[in-house]
Amino acid sequence: MTKRTTRARTLRRNSTEAETILWQVIRNNHAGAKFRCHVPVGPYIADFLCHDLKLIVEVDGGQHCENEKDEIRTKYLNKLGFKVIRFWNNDVVDNPEDIASTLTHAGPR
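Going by numbering that gives the first Met the number 0, the first residue of the sequence shown is number 0, and it counts up by one from there.
Treat each hint with caution, since some may be false.
Here are the computed distance ranges between Cβ atoms for each label pair [said to hold, decoys possible]:
1) Gly60 x Gln23: 16 to 24 Å
2) Asn77 x Lys33: 30 to 38 Å
3) Glu96 x Ile71: 29 to 37 Å
4) Asn27 x Thr1: 14 to 22 Å
Here are the simulated DSSO-like pairs of lysine-lysine, each with C-alpha atoms no more than 30 Å apart in a straight line [as the list claims (entries may be wrong)]:
5) Lys33 x Lys82
6) Lys2 x Lys33
7) Lys2 x Lys68
8) Lys53 x Lys2
Simulated from the structure, these hints should not be mistaken for lab results.
Glycine included, each C-beta is placed from N, C-alpha and C at the ideal position.
Full structure from sequences and hints, please.
Rendered as structure tokens:
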């Protein structure tokens with residue numbers, strides 16, 4: 000088992016409040032699409048990934064400020080054909096209905 004796989008399993012077992020809420024939003028609003036949680040993609044681990052929609056949904060906390068590392072990560076995932084949508088933790092916790100609406104309109108690139 001690789002380090003990334005082990006890390007992904009640990010993240011699944013120790014989800015944040017925002018990740019738990021977002022997982023429920025995704026499961027309730029994308030019945031036809033299969034999302035997976037904390038999935039290794041190349042050198043990264045995507046929070047939520049749907050291969051059919053080529054969509055990755057990320058939940059960012061205070062450590063993410065759309066810095067250079069985030070931009071490099073997003074460009075890498077885009078090159079693989081994924082659309083990346085990012086939400087702030089507090090937005091997921093405070094406004095799950097808005098997040099659900101945004102995801103309902105998201106789709107393949």
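Verification of the hints:
no.	hint	verdict
1	Gly60 x Gln23: 16 to 24 Å	holds (18 Å)
2	Asn77 x Lys33: 30 to 38 Å	violated (21 Å)
3	Glu96 x Ile71: 29 to 37 Å	holds (32 Å)
4	Asn27 x Thr1: 14 to 22 Å	violated (32 Å)
5	Lys33 x Lys82	holds (16 Å)
6	Lys2 x Lys33	holds (25 Å)
7	Lys2 x Lys68	holds (20 Å)
8	Lys53 x Lys2	holds (24 Å)
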